[in-house]
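Peer 1: Here is what each chain is made of, one letter per residue.
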Amino acid sequence: MATVLTPDDLIAGRGGRLVRFGTFARRNPTFVVGMVLLSLLVVASLAAPVLGTKDPIAISVMDRLQAPSEEHLFGTDMMGRSVYSRVIYGGRVSLIVGLSVAFAATAIGLVIGLLAGYLNWFDTIIMRVMDGLMAIPSILLAIALMTLAGSSIRNIIIAITIPEIPRVTRLVRGMVLSVREQPFVEAAIASGTKTARLVRRHILPQTITPLIVQATYVTASAIISEAYLSFLGAGTPPEIPSWGNIVAEGRAFFTVAPWVVLFPSVLLALTVLSVNILGDGLRDTLDPRMARRM
Amino acid sequence: MFAYVVRRVIATIPVMFVVAVFIFLLLHLGGSDPAAIIAGDFAAPEHVERIRERLGLDRPLYVQFVDWFAGVLQGDLGTSIFNNRAVSDLIVQRLEPTVALTVSVIIFAVAVAIPLGVLAAWQAGRLIDRMVMVVAVTGFSLPVFVLGYLLILGFSIELDLLPVQGYTPLAEGFWPFARHLILPTLSLGLIYVALIARMTRASVIEVLNQDYIRTARAKGLATPSVLLVHALKNAAIPIVTTIGLGIALLISGVVVTETVFSLPGVGRLTVDAIVRKDYPVIQGVILVFSFVYVVVNLLIDLSYSLFDPRIRYER
Numbered sequence: 001m002a003t004v005l006t007p008d009d010l011i012a013g014r015g016g017r018l019v020r021f022g023t024f025a026r027r028n029p030t031f032v033v034g035m036v037l038l039s040l041l042v043v044a045s046l047a048a049p050v051l052g053t054k055d056p057i058a059i060s061v062m063d064r065l066q067a068p069s070e071e072h073l074f075g076t077d078m079m080g081r082s083v084y085s086r087v088i089y090g091g092r093v094s095l096i097v098g099l100s101v102a103f104a105a106t107a108i109g110l111v112i113g114l115l116a117g118y119l120n121w122f123d124t125i126i127m128r129v130m131d132g133l134m135a136i137p138s139i140l141l142a143i144a145l146m147t148l149a150g151s152s153i154r155n156i157i158i159a160i161t162i163p164e165i166p167r168v169t170r171l172v173r174g175m176v177l178s179v180r181e182q183p184f185v186e187a188a189i190a191s192g193t194k195t196a197r198l199v200r201r202h203i204l205p206q207t208i209t210p211l212i213v214q215a216t217y218v219t220a221s222a223i224i225s226e227a228y229l230s231f232l233g234a235g236t237p238p239e240i241p242s243w244g245n246i247v248a249e250g251r252a253f254f255t256v257a258p259w260v261v262l263f264p265s266v267l268l269a270l271t272v273l274s275v276n277i278l279g280d281g282l283r284d285t286l287d288p289r290m291a292r293r294m
Numbered sequence: 001m002f003a004y005v006v007r008r009v010i011a012t013i014p015v016m017f018v019v020a021v022f023i024f025l026l027l028h029l030g031g032s033d034p035a036a037i038i039a040g041d042f043a044a045p046e047h048v049e050r051i052r053e054r055l056g057l058d059r060p061l062y063v064q065f066v067d068w069f070a071g072v073l074q075g076d077l078g079t080s081i082f083n084n085r086a087v088s089d090l091i092v093q094r095l096e097p098t099v100a101l102t103v104s105v106i107i108f109a110v111a112v113a114i115p116l117g118v119l120a121a122w123q124a125g126r127l128i129d130r131m132v133m134v135v136a137v138t139g140f141s142l143p144v145f146v147l148g149y150l151l152i153l154g155f156s157i158e159l160d161l162l163p164v165q166g167y168t169p170l171a172e173g174f175w176p177f178a179r180h181l182i183l184p185t186l187s188l189g190l191i192y193v194a195l196i197a198r199m200t201r202a203s204v205i206e207v208l209n210q211d212y213i214r215t216a217r218a219k220g221l222a223t224p225s226v227l228l229v230h231a232l233k234n235a236a237i238p239i240v241t242t243i244g245l246g247i248a249l250l251i252s253g254v255v256v257t258e259t260v261f262s263l264p265g266v267g268r269l270t271v272d273a274i275v276r277k278d279y280p281v282i283q284g285v286i287l288v289f290s291f292v293y294v295v296v297n298l299l300i301d302l303s304y305s306l307f308d309p310r311i312r313y314e315r
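Residue numbers (the numbering used here), protein chains in the order written: chain A, 1 to 294; chain B, 1 to 315.
No lab work stands behind these hints, which were simulated from the structure alone.
Idealized CB from N, CA, C, for every residue including glycine.
Incorrect hints may appear among the rest.
Unchecked claim - Estimated spans, in silico, between C-beta atoms of each pair:
hint, chain 1, residue 1, chain 2, residue 2, range
1, B, Val63, A, Pro49, 49 to 59 Å
2, B, Val21, A, Phe103, 26 to 36 Å
3, B, Phe307, A, Glu186, 32 to 42 Å
4, B, Leu161, A, Gly150, 36 to 46 Å
5, A, Gly150, B, Asn83, 17 to 27 Å
6, B, Ala124, A, Ile158, 35 to 45 Å
Claimed, not checked - Now the stretches of chain A that chain B is said to cover, found in silico as 3 or more residues with beta-carbon under 8 Å:
hint, segment
7, 82 to 96
8, 231 to 241
9, 254 to 260
10, 265 to 272
Work the whole structure out from these sequences, hints included.
Peer 2: As structure tokens, then:
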């Protein structure tokens, strides 16, 4: 068993780089496949203009509802637009929304969670608010926000971020409360460490790992939410091709032209799957304790 | 026991209150004029004014809230801007398909996920376990409409076994009713199966490591008896908690599923309200769904004492 390295060895940097990667890939084939997939999707949406795409919003009435062919790789939709081009450009919306929501929800949740873990009066109030927020089904909350705020990418990011905040807050607060009980923190307090330094040096480093893992899951869930909202007509403005919008438009023609719905659906599922695989991989690698509990 | 129930019921009041305040404030948080938003971009100023008066938006905020909240407590959820009907009536009218779908998903998911989870825990680390976990990760990653359209393509279009979409009320016979629910249940159920199966597996594995399980085995109890009587019962609390929290996921999924399969339920009502900017309807639906969520989780909280009598005596 000497050549088989554990995730801990990888972090500690034991073994040569290639050997390490080889071992890791053998032990986690799904992780490697997921990462390759995710990288392809990211590169594809970044390099969309040079991937043989046509103008994703160019209407061509003559080419309506064409089945996939050499000319139109994924077929065309009811306005004769290339589904391939729309799907590739649509990936940009998913990635922007997914990453922005993950960043915003994590940052806001971190601040609120730290404060709640530290200030008792704030804790009592804010956790009631978070409980209430969690009781509102997230898609409905986002629908209400979008109906009031109007459709734009910025508003979508805000509408999806708000329902994601409580989960991050609870995670951070829980970590702070448990770290605070540990002897090394007590020792730090006893030796007169100031609160700000305590948080920076002792509490934050402990919360960062579960937070990164959580942020990955938030990304996956935000990508799904954006697709749901667009699909329901409360999401990305209809003139921007996003996967949810493409599916929503193809809905009425599903029985005659299923490809309009299927291609964005499959890409959406693969993207979410690979982000979730990344999350599971990070969880297992960065936080073996948490992995064992799952 | 009575004191325990009362304490739990009282504990939900602040949550419900926060939900109500939040839903009420949503309309005013945008910073812009709610009446103008509801009226739409091309509304005449008189029209905006009419909406403002209709909704009482010209009064102070706290007066509006007290008035609205008193109404909500009496079951008055406001009036639709689109067709002037009471929101509560609109919701009641659309309730059957939504309740039917939700109940069938819960039954399906629990019936599939718990055996799968127990099986995976028993076979932890082996092939069956890994297969169950693959199903779980896939279930989390397949958006409801993706699975829905794949199922429609396979079972309705290619094989022509089940209806593409639509709904038949239970009053018109069980089989026509059930036929229309099979695909929606499968589409919406998978994510819930994934959630419950994963928690069942984790929870049962934890219990299987306990000393009393070893004792049960040592005294010669058969494996099914150990797994079901000893392990599953003691692993039940996290599992039912997950079932309850998962209701939130289910409610979001219901809206999408009803749209995919054209079920005339509360979800469809919401989606139609988006197009019409019928905000009172959206507000009413959110309030009702949040209330259901809180009540279901209260019931689940109370059910803990069935699995673990010690809980009744806790402070």
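Peer 1: Out of the numbered hints, which ones does the structure contradict?
Peer 2: 7
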